[in-house]
Amino acid sequence: MMEDMEAAVEVHNIINRLKQKYADRFEFYFTGGYARNEKGFRDYDVAIYDIKDDNKDWEYLLGEFYKKKESDDKPIDAQISQYILEVMKMTGKELYKNRDRLVKRYTYSDEDLSKYNGQIRKNWGYVRYMNINGNLWEKEIMLVKPKHRKMGLDRIPRIYKRI
Amino acid sequence: MPKQIYKIDQFHGGLNNNSDARDIDENELSVATDVMVDEIGKITMMGGIDAQGAAARTNQINPGYGLFQFSHDRVDGHTSVAAADDPETGADYFAFSEPDNAGTVDIYSAEDTTWGSPITGMTDNTGGLRKDAFYFVDGALRISDGEFGNTNVNKWYGYTYAKLFQTSGGTPELTLNQWSLQNQELKSFTDLSITVALDDCSAANPDATALVADKIILGWWTAEDGGWNGTYALGVTPVYIGGQEGPITDAGNITLFNQILNVQVYIGHPTIDNGTISSHPLNDNRIIGINLYIRSFPSDDWYILKEIDLKTGGKFGWSQYDDTHTAVGFWTDGDGADGSDASVNDSDGATVFNDGTAQSVAIRALASTDEYAETTMDLGVHGATNMGTGRTGTVRISGFESVIYREISLESTSAQIFTGSAPNAAIPVVNPSNGNKKKFTLEILDENYGLLKKSVQTIQIDVDADAEPPPTGGGDDDDGGYGGSGGST
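Chains as they are written, first to last, in the numbering used here: chain A, 1 to 163; chain B, 1 to 489.
Treat the hints with care, since some could be wrong.
[To be verified] Listed below are the simulated DSS-like cross-link pairs for lysine-lysine, each with C-alpha atoms no more than 27 Å apart in a straight line:
#1 B:K215 to A:K89
#2 B:K311 to A:K89
#3 A:K52 to B:K311
Worth flagging that the hints you see were computed from the coordinates, not collected in a lab.
Can you build the whole structure from these sequences, using the hints too?
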């Protein structure tokens, strides 16, 4: 059994605070370019799973990550994704079969995410935002968006590194 | 004044012969003879006295101590037999101490009408006969010697059930299904006589010298471009049933320089072979996990890194390991990946990698070498050794307009060529800007994106006067950054 580990101090600090408040209710995972050890990763993607699946605490939880940066000045991007336990078991072939599936992520923003640069978002066919309450937003998106399909990320197992 | 009815219909407060009868609560009784009121709404006869039926047992006794009754779902608690698989039909038991230096607590099973002596080891009598106190909770009996002049440690006696060290197919290497006697204290691995040691696995896995019984080996190796920088100590704790945790055992220090740290756990056992093992290798049947900790040297604060489940292990479960496997899991280069297509020459006109030598990962051909062309790439990957059944990795190619990923088998020892039909079709790419020696980085990565192999290939990308660079940035979904609209995958 193996597990690699990296330091992401601010992310760990935030999560440690949240674990004091919520104990083991939430599971936190690194995903995205940082988890793939990409040299030029843009941000620290944190995927969160709620064992209780109860969104009344999600705005506070995600707000703790909002506009926070790591020690290397790269932003932290935290989202709640209740589908990840299923996806993390998928092989590359299974992910490819499910790549068009619409999934929901939840994110925090004090801006109107249904608009982009002040305009109603164009319908690209793979993303839709809906306000849940306050600054909590639901984002409906294809499991693998077109940009990442070009990279071949629809053909390899998705990585989630438990924090 | 007419009489009023005052209804008293509750008696579950029980007998109160301490207070005056006029002062007791309305649910209490001032007199109760041979009745029980322990169930709300019922007054029942107390019942009689009958012989308990246990066979005679000649034990020395310490008056006032050493007799206890308990019931348990599992039968056959009077005996502890490995892999007994005792039925859960239920049984009643007596615990009866023998407080002299025989050191036992005998158990009588009413279901089997049999005595046994499964609890042993409480032999010290230097302070006098034992004064055993019993406590039964969570399905386990605890025995504590109240004669504090003795040195007997507290005992735990309960039923242990766990399927440990499950392989990727779910088959357990060790099935615990029996009554177990343990010292009650939740000990550290050191106190359980388990050695914990680090093993640098950068070049090879633990060898015959390192592999001994009663030992946990933390095999470690590093990869570049990580965030660990400094000297760190690794430590482990045992996790017992119920999630309780023992103290940390320090395994030693390692020093890292902006690296990624990988850790693999090995647990030694003297009887492991091609089948199963018959006893718990960590010397306590209650241990079901290991927590891995790290602390920055010389800080005293430990931080948990990983919870290791002794049942299911990691993604590939648990595997058997012996000293014939010291080279397993290491990438070795094959020679079937490269091609000599002129499309991947650089400005010197040389073949792949300029020297024509065999490669284990290479861009074999480009359908077009024009700058910014939307084209396809033939790719080859060839590992010479089987890194493990079912293992898959990733090949990552940087240098095109976007980073490219493809899944590869780490089990296969054949060349894996992406040039045919799906899923190994030629890979769509967008070429970079022109240059005589454009660099393309090819990396073979394991399941955790740890680097196994890295090559840099130079290819000439030609000028195309009509070509325009692809647009930078993205659509609505690429606004990135805060708010989670970025591109996590």
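Each hint, compared with the structure:
no., hint, result
1, B:K215 to A:K89, "32 Å, violated"
2, B:K311 to A:K89, "18 Å, holds"
3, A:K52 to B:K311, "24 Å, holds"
Hint compliance for this structure: hint 1 alone is broken.
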